[in-house]
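Asks: The primary structure of each chain is shown beneath.
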Amino acid sequence: DTEVTQTPKHLVMGMTNKKSLKCEQHMGHRAMYWYKQKAKKPPELMFVYSYEKLSINESVPSRFSPECPNSSLLNLHLHALQPEDSALYLCASSQEGRGLGEQFFGPGTRLTVL
Amino acid sequence: KQEVTQIPAALSVPEGENLVLNCSFTDSAIYNLQWFRQDPGKGLTSLLLIQSSQREQTSGRLNASLDKSSGRSTLYIAASQPGDSATYLCAVHSGGGADGLTFGKGTHLIIQP
Numbered sequence: 022d023t024e025v026t027q028t029p030k031h032l033v034m035g036m037t038n039k040k041s042l043k044c045e046q047h048m049g050h051r052a053m054y055w056y057k058q059k060a061k062k063p064p065e066l067m068f069v070y071s072y073e074k075l076s077i078n079e080s081v082p083s084r085f086s087p088e089c090p091n092s093s094l095l096n097l098h099l100h101a102l103q104p105e106d107s108a109l110y111l112c113a114s115s116q117e118g119r120g121l122g123e124q125f126f127g128p129g130t131r132l133t134v135l
Numbered sequence: 048k049q050e051v052t053q054i055p056a057a058l059s060v061p062e063g064e065n066l067v068l069n070c071s072f073t074d075s076a077i078y079n080l081q082w083f084r085q086d087p088g089k090g091l092t093s094l095l096l097i098q099s100s101q102r103e104q105t106s107g108r109l110n111a112s113l114d115k116s117s118g119r120s121t122l123y124i125a126a127s128q129p130g131d132s133a134t135y136l137c138a139v140h141s142g143g144g145a146d147g148l149t150f151g152k153g154t155h156l157i158i159q160p
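Here the protein sequences come in this chain order: Y and U. Position one of the first sequence corresponds to residue 22 (my numbering), numbered consecutively onward. Position one of the second sequence corresponds to residue 48 (my numbering), numbered consecutively onward.
Simulated from the structure, these hints should not be mistaken for lab results. Heads up, a few of these hints could be off.
Stated by the list, open to error - Here are the simulated lysine-lysine pairs, BS3-like style, with alpha carbons at most 30 angstroms apart: (1) U:Lys-115 <-> U:Lys-152; (2) U:Lys-89 <-> Y:Lys-39; (3) Y:Lys-43 <-> U:Lys-152; (4) Y:Lys-59 <-> Y:Lys-40; (5) U:Lys-89 <-> U:Lys-48; (6) Y:Lys-59 <-> U:Lys-152; (7) Y:Lys-62 <-> U:Lys-89; (8) Y:Lys-74 <-> U:Lys-48; (9) U:Lys-48 <-> Y:Lys-59; (10) Y:Lys-40 <-> Y:Lys-30; (11) Y:Lys-61 <-> Y:Lys-43.
Looking at chain Y on its own, in the form it has when it is part of the complex:
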């Protein structure tokens, strides 16, 4: 099974809302990632968890808060977002960090901030 699942598929939220994006993989991977992709742009790395510890935070605003409850789950908590945060949020996983494994991506959550 090489599947990464993400929920919800679509999310519309106001600037004062609090919401969470969820990502799950059952491939036994120990590294998980959040990427943000704006329309007609390539994905950009936001966060990396390796062995359930945050190893990379690419200077993402604090209104985005990642959480890795266990090695199979990754959440992205959203609070007080701005309209410019509207994008496709992609989750990925790999066997381990440090570039040794193929990254597998989920289908993404399409986020619209009103």
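Based on the hints, put chain U in the right spot on chain Y.
Replies: Only chain U this time, still in chain Y's reference frame:
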């Protein structure tokens, strides 16, 4: 900072043609390079992974090569089909503590029936 460039930005060819997509990167200190396809509004599908010690990888009608010293990779698609229409993204996994992928802007490919 690693930069990845893909040429051409867009390509439209008749069905059945063989084609080559190009990717270049500025820092040759990479762990691996990965090619993806992305259909409109969808996630990324991994096509091929080439480790830094490898020269090429093949999967079906796809062949990817890597010349790490010159910072280049090519994706060769044989006997193209309309179902190959998608955006193809090249991404490199660099060292220096950067665990994520750095992507090129992609090649938007259209295969005409």
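Asks: Each hint: holds or not?
Replies: Hints and how they fare:
1. Distance restraint check for Lys-115 (chain U) and Lys-152 (chain U): the Cα-Cα separation of roughly 20 angstroms lies within the 30 angstroms cut-off, and the hinted pair is therefore satisfied.
2. With a CA separation close to 25 angstroms, the supplied pair Lys-89 (chain U) and Lys-39 (chain Y) stays within the 30 angstroms bound.
3. Taken as a hint, the Lys-43 (chain Y) and Lys-152 (chain U) pair is honoured in the structure, with Cα atoms around 26 angstroms apart against an allowance of 30 angstroms.
4. The straight-line distance between the Cα atoms of Lys-59 (chain Y) and Lys-40 (chain Y) is roughly 19 angstroms, inside the 30 angstroms bound, and the hint therefore holds.
5. Restraint check: the Cα-Cα separation between Lys-89 (chain U) and Lys-48 (chain U) comes to about 28 angstroms, which is no more than 30 angstroms; the hinted pair holds.
6. Note on Lys-59 (chain Y) and Lys-152 (chain U): the hinted pairing holds, with a Cα-Cα distance of about 11 angstroms set against a maximum of 30 angstroms.
7. For the suggested pair Lys-62 (chain Y) and Lys-89 (chain U), the alpha carbons sit about 13 angstroms apart, so the restraint of at most 30 angstroms is met.
8. Only pairs whose Cα atoms come within 30 angstroms are accepted, and Lys-74 (chain Y) paired with Lys-48 (chain U) is accepted, the gap being roughly 24 angstroms.
9. Restraint check: the Cα-Cα separation between Lys-48 (chain U) and Lys-59 (chain Y) comes to about 21 angstroms, which is no more than 30 angstroms; the hinted pair holds.
10. Between Lys-40 (chain Y) and Lys-30 (chain Y) the alpha-carbon distance is near 13 angstroms, which keeps this suggested pair within the 30 angstroms criterion.
11. Using a Cα cut-off of 30 angstroms, the hinted pair Lys-61 (chain Y) and Lys-43 (chain Y) holds, with the two alpha carbons roughly 24 angstroms apart.
This entry satisfies every hint, going by the numbered hints stated previously.
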